[in-house]
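Residue numbers (UniProt numbering), protein chains in the order written: chain A, 1 to 534; chain B, 1 to 597.
Worth double-checking, as some hints may not be accurate.
[Claimed, not checked] Listed below are the simulated SDA-like cross-link pairs for lysine to any residue, each with C-alpha atoms no more than 20 Å apart in a straight line: (1) Lys520(A) - Asn382(A); (2) Lys422(B) - Asp77(A); (3) Lys510(B) - Glu270(A); (4) Lys215(A) - Lys522(B).
Hints were generated in silico from the structure; no laboratory data involved.
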Amino acid sequence: LQLSRECPFASAGSPCHALVFQDGGFLKTLCSQNRIEEKRRAALLGGGQARIDAQHKRGKLTARERILLLLDPDSFDEYDMFVEHRCTDFGMDSSKNKYPGDSVVTGRGRINGRLAYVFSQDFTVFGGSLSGAHAQKICKIMDQAAMVGAPVIGLNDSGGARIQEGVESLAGYADIFLRNVLCSGVIPQISLIMGPCAGGAVYSPALTDFTFMVKDTSYLFITGPDVVKSVTNEDVTQEQLGGAKTHTAVSGVAHRAFENDIDALLNLREFFNYLPLSNRDPAPVCECHDPSDRPVPELDTIVPSESAKAYDMLDIIHSIVDEREFFEIMPSYARNIVVGFARMNGRTVGIVGNQPKVASGCLDINSSVKGARFVRFCDAFNIPLITFVDVPGFLPGTAQEYGGIIRHGAKLLFAFAEATVPKITVITRKAYGGAYDVMSSKHLRGDVNYAWPTAEVAVMGAKGAVQIIFRGKEANAEEEYVDKFANPFPAAIRGFVDDIIQPSTTRTRICHDLDVLASKSQSSPWKKHANIPL
Amino acid sequence: CNKIIVHVKMADEAVCVGPAPTSKSYLNMDAIMEVIRKTRAQAVHPGYGFLSENKEFARRLASEGVTFIGPDTHAIQAMGDKIESKLLAKNAKVNTIPGFDGVVKDADEAVRIAREIGYPVMIKASAGGGGKGMRIAWDDEETREGFRFSSQEAASSFGDDRLLIEKFIDNPRHIEIQVLADKHGNALWLNERECSIQRRNQKVVEEAPSTFLDPETRRAMGEQAVALAKAVKYSSAGTVEFLVDSSKNFYFLEMNTRLQVRKTTLQIQENLLTEKIYSHKPSYARLCSSEPLHSTQVRVDSGIQQGSDISIYYDPMISKLITYGSNRAEALKRMEEALDNYVIRGVAHNISLLREVIVHPRFVQGDISTKFLPEVYPDGFKGHKLTDHERRQLLATAASLYVAEQLRSQRFLGTPRIPIAKSKRSSWELSVHLGDGIYPVAVSKDGSSFSVEVDGMKLNVTSEWNLASPLLSVTIDGTQRTIQRISRNASGETSIQFLGTVYKLQILTKVAAELSKYMPEKAAEDTSSILRSPMPGTVVAVSVKPGDMVSEGQEICVIEAMKMQNSMIAAKTGKVKAVHCKAGDTVGEEDLLVELE
Numbered sequence: 001l002q003l004s005r006e007c008p009f010a011s012a013g014s015p016c017h018a019l020v021f022q023d024g025g026f027l028k029t030l031c032s033q034n035r036i037e038e039k040r041r042a043a044l045l046g047g048g049q050a051r052i053d054a055q056h057k058r059g060k061l062t063a064r065e066r067i068l069l070l071l072d073p074d075s076f077d078e079y080d081m082f083v084e085h086r087c088t089d090f091g092m093d094s095s096k097n098k099y100p101g102d103s104v105v106t107g108r109g110r111i112n113g114r115l116a117y118v119f120s121q122d123f124t125v126f127g128g129s130l131s132g133a134h135a136q137k138i139c140k141i142m143d144q145a146a147m148v149g150a151p152v153i154g155l156n157d158s159g160g161a162r163i164q165e166g167v168e169s170l171a172g173y174a175d176i177f178l179r180n181v182l183c184s185g186v187i188p189q190i191s192l193i194m195g196p197c198a199g200g201a202v203y204s205p206a207l208t209d210f211t212f213m214v215k216d217t218s219y220l221f222i223t224g225p226d227v228v229k230s231v232t233n234e235d236v237t238q239e240q241l242g243g244a245k246t247h248t249a250v251s252g253v254a255h256r257a258f259e260n261d262i263d264a265l266l267n268l269r270e271f272f273n274y275l276p277l278s279n280r281d282p283a284p285v286c287e288c289h290d291p292s293d294r295p296v297p298e299l300d301t302i303v304p305s306e307s308a309k310a311y312d313m314l315d316i317i318h319s320i321v322d323e324r325e326f327f328e329i330m331p332s333y334a335r336n337i338v339v340g341f342a343r344m345n346g347r348t349v350g351i352v353g354n355q356p357k358v359a360s361g362c363l364d365i366n367s368s369v370k371g372a373r374f375v376r377f378c379d380a381f382n383i384p385l386i387t388f389v390d391v392p393g394f395l396p397g398t399a400q401e402y403g404g405i406i407r408h409g410a411k412l413l414f415a416f417a418e419a420t421v422p423k424i425t426v427i428t429r430k431a432y433g434g435a436y437d438v439m440s441s442k443h444l445r446g447d448v449n450y451a452w453p454t455a456e457v458a459v460m461g462a463k464g465a466v467q468i469i470f471r472g473k474e475a476n477a478e479e480e481y482v483d484k485f486a487n488p489f490p491a492a493i494r495g496f497v498d499d500i501i502q503p504s505t506t507r508t509r510i511c512h513d514l515d516v517l518a519s520k521s522q523s524s525p526w527k528k529h530a531n532i533p534l
Numbered sequence: 001c002n003k004i005i006v007h008v009k010m011a012d013e014a015v016c017v018g019p020a021p022t023s024k025s026y027l028n029m030d031a032i033m034e035v036i037r038k039t040r041a042q043a044v045h046p047g048y049g050f051l052s053e054n055k056e057f058a059r060r061l062a063s064e065g066v067t068f069i070g071p072d073t074h075a076i077q078a079m080g081d082k083i084e085s086k087l088l089a090k091n092a093k094v095n096t097i098p099g100f101d102g103v104v105k106d107a108d109e110a111v112r113i114a115r116e117i118g119y120p121v122m123i124k125a126s127a128g129g130g131g132k133g134m135r136i137a138w139d140d141e142e143t144r145e146g147f148r149f150s151s152q153e154a155a156s157s158f159g160d161d162r163l164l165i166e167k168f169i170d171n172p173r174h175i176e177i178q179v180l181a182d183k184h185g186n187a188l189w190l191n192e193r194e195c196s197i198q199r200r201n202q203k204v205v206e207e208a209p210s211t212f213l214d215p216e217t218r219r220a221m222g223e224q225a226v227a228l229a230k231a232v233k234y235s236s237a238g239t240v241e242f243l244v245d246s247s248k249n250f251y252f253l254e255m256n257t258r259l260q261v262r263k264t265t266l267q268i269q270e271n272l273l274t275e276k277i278y279s280h281k282p283s284y285a286r287l288c289s290s291e292p293l294h295s296t297q298v299r300v301d302s303g304i305q306q307g308s309d310i311s312i313y314y315d316p317m318i319s320k321l322i323t324y325g326s327n328r329a330e331a332l333k334r335m336e337e338a339l340d341n342y343v344i345r346g347v348a349h350n351i352s353l354l355r356e357v358i359v360h361p362r363f364v365q366g367d368i369s370t371k372f373l374p375e376v377y378p379d380g381f382k383g384h385k386l387t388d389h390e391r392r393q394l395l396a397t398a399a400s401l402y403v404a405e406q407l408r409s410q411r412f413l414g415t416p417r418i419p420i421a422k423s424k425r426s427s428w429e430l431s432v433h434l435g436d437g438i439y440p441v442a443v444s445k446d447g448s449s450f451s452v453e454v455d456g457m458k459l460n461v462t463s464e465w466n467l468a469s470p471l472l473s474v475t476i477d478g479t480q481r482t483i484q485r486i487s488r489n490a491s492g493e494t495s496i497q498f499l500g501t502v503y504k505l506q507i508l509t510k511v512a513a514e515l516s517k518y519m520p521e522k523a524a525e526d527t528s529s530i531l532r533s534p535m536p537g538t539v540v541a542v543s544v545k546p547g548d549m550v551s552e553g554q555e556i557c558v559i560e561a562m563k564m565q566n567s568m569i570a571a572k573t574g575k576v577k578a579v580h581c582k583a584g585d586t587v588g589e590e591d592l593l594v595e596l597e
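Pulled out of the complex, with its shape left as it was, chain A reads as follows (with noise of 0.2 Å):
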């Protein structure tokens, strides 16, 4: 054993105290204990004490900070703490412009006990930009996830592109964007814009199954305000352009926003623990206290005698499911269709419902893309549909034909009819014309489909079909057509549904029949993949 050099690795800013010795010819350096501290305490410090304190100034945690509350305690493995960034022009080499980790912190940890990969962008290292190490890093707790079978969290903070690496960077949003489109309908894919995300890196969030929003402090957009501004003249703040309430409210893109990061975090965890880790895993079961066969009495009272009326549909979720718990998804956006997951006697369920409360629940542009992107992910990750249904029919006019109602309504039609997971319908008033076809019907391989006794199962409304039928001149007719049609007799007499059951009895009966269909397969024709009307 001989002292012979210095340590390869060391530089002026880190001084190694190496030991290396000779043995047979190799020379092996052997970093001491000291050295790898010190690379894990600045990693841990990311962008260094005063970039933190900016980050918590402005409302944000750190990406560590983040993990600790998303995941359980001391479940975090990370992986990478050491890569740091290969970029060496504009002075991008010297040693105060690395940092051990680069602006990612990636690994695996537990939420509740159960697997998850996740990354978490570091805002306080070049302002979260993404380098081609940092991408890299991504790509490899991506892949693992894929191999594994367990979902992937990205905790999104990143002020865009490493524009000193330029393609290099690109590149690597491309890497992760494949990924992303390659575990889809494999792994669960759930992003948290915590931060700015803008320019490319938007596509990553867009093309997972989940995005969430933290309000006031977390931006989505392809160009911010100052180009907006250049571009087209127009004048808009950051929140208006791409904050959570844009993108929840107006335009879609985000799933539902929360206060702030502690708030979002805490949500996430309750959230996964709806989701199974991946496309061979059923739905999880958590362990239930509230009886399966509970009466809800109150049901059978809630739906108006007066057609006319309003009622809210949540009302009904809330009571049929366990707990009375709902994880609403995209609760801001096309309020007229509710989606979101429950449970029932402890199993996950996705439930979509028509509301009636908004624009009398009726089928337009946006609540179809919101209900047919829903049953997708359910159906991809075997999470049984329960479909809830009062709706009038689509919402006519110019805004939507022009917008492409034919289109878009076609898209739910066809998540439903693709559709094999278990399939429950549950019709409480209207379901008229095309609308009740679309809504799950039994036509598009609903397993149960029950209606209410105040069903009404028609082309359209008595008014309506009336004037159609006799141009109006008949005095009588639209008694004789309530009579004929407003009642769910048409519908059960032809076997359309199973049975007209009392509405107190919707989750014992919803219970019984998860639990038969649990072991439910059907298959769809040979196909590379079916071709949804985008």
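Given chain A, work out where chain B should sit, using these hints.
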């Protein structure tokens, strides 16, 4: 029509007498007479209130040969009119309150009479009952004002604006005697009921026997009640109400000639306590859950079920909760338990107040009057005030509940492909936000129970931790408490009903609580003061104009879209600043409809 009411459901045949406003249904004699003819009904039970004391209605029934279930027309007429009843009572040698036995013509006369009697005086509707059209005046100015208000209220409530004035008895107790009389001139009195705990002249707590009466006073009151019943040839069950002053002088107040709702006294000869559970803000609230209590010596009288609408048109009473026991303490204890176990969701209610009253030292000692509530809660009732000991119990319970929930969320059924990492954690450091305080709470799991450290004190908390049940029985250091978890969310926010009052808490892990100091303070976004159209449609009706005061939940306008009427309601209480739409307007999504100040 309210089809969801128990008695309507139980009836063989139900006929709608008209739309919800009482003036168009239960007070609409023509409509009711029409239904009687159509169904060939032989007898009519007029309900409680409404037309039950209306002499004109009784007369019309008699003329059609239909039996009125209740006392006869003469008694209704005599007792229904406060002026006439007072004269009758005087003649029957029943003690009456000094006052003016006639109709007051105008405000000037009201002042003159008030001065004669001596202040304070009570101005009330001649045809009234239940506190409507009633005002107390301490000087001339208040008399004028009271006269104006009472006559308006009397006109709108009873269609009869006649008023009378009498001496106002300070610090009175309200005690009433139940009488029974038949058509053969027999009459007897049963024991009394004390109804001194009142809110705006509505009885809230009733108790029998009264803690205040001695046998002598009781007998004197009973005998006078019977004398009155006989004087009006009464032939039914009825209640004679008295005011009793602190020297046990009693004065006849009025006689309720309707079949009484409060017949419980007749059946039960033990100490008895009745509490009226009311809903607040009864603007079409929907009772989404109400679990009646099943226990011996507890009884719930209610016509309302899960799913019933508690509409603005009727009495917002949800139920009467009755407990009894072999002594007063037992009845009170049972009431306390019954209130803790009473589950009501979907509507605001007064259980916290009721529970607070029955444990209040003044109530327990029997030191009450009709002024109890305004005296004890001069600024209104704001919920139970926790003692340090109670606060520790609440914190320990909430923290244990949080941990029980956390532990459950790690329990999955079945054998997952990727094994679940079992947490070996057995202690939790939490930070609980309650009211203005933030309390560090340490919880450690100790077999099936939790050992909780709060304020340096250790508490042992056990329960079955059924997280789906609305009621949770928790034992804290040997003390059993029934709590209700009203809500929870992922952010650790929870509201728990404890000792009758609902407390809001936020529970975070110590780590999260420490990091929360970096979270931005946000000014509450005020979307409550603007009302926008949620969809394209037509404005059918606008119920407000600029300058109007609206209360939270009140209907502001109605939008029709796709042939459905959607009621737009105020998100807060306030004054209308501007109205941007009128009936008939077509509005687009997100169009500004109404602004509040």
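Hint by hint, here is what the structure shows:
1. Only pairs whose Cα atoms come within 20 Å are accepted, and Lys520(A) paired with Asn382(A) is accepted, the gap being roughly 10 Å.
2. This hinted pair checks out: Lys422(B) and Asp77(A) have alpha carbons roughly 16 Å apart, not beyond 20 Å.
3. Taking the CA atoms of Lys510(B) and Glu270(A), the gap is near 18 Å; set against the 20 Å cutoff, the hint holds.
4. Between Lys215(A) and Lys522(B) the alpha-carbon distance is near 10 Å, which keeps this suggested pair within the 20 Å criterion.
Of the hints listed earlier, there is not a single one the structure fails to meet.
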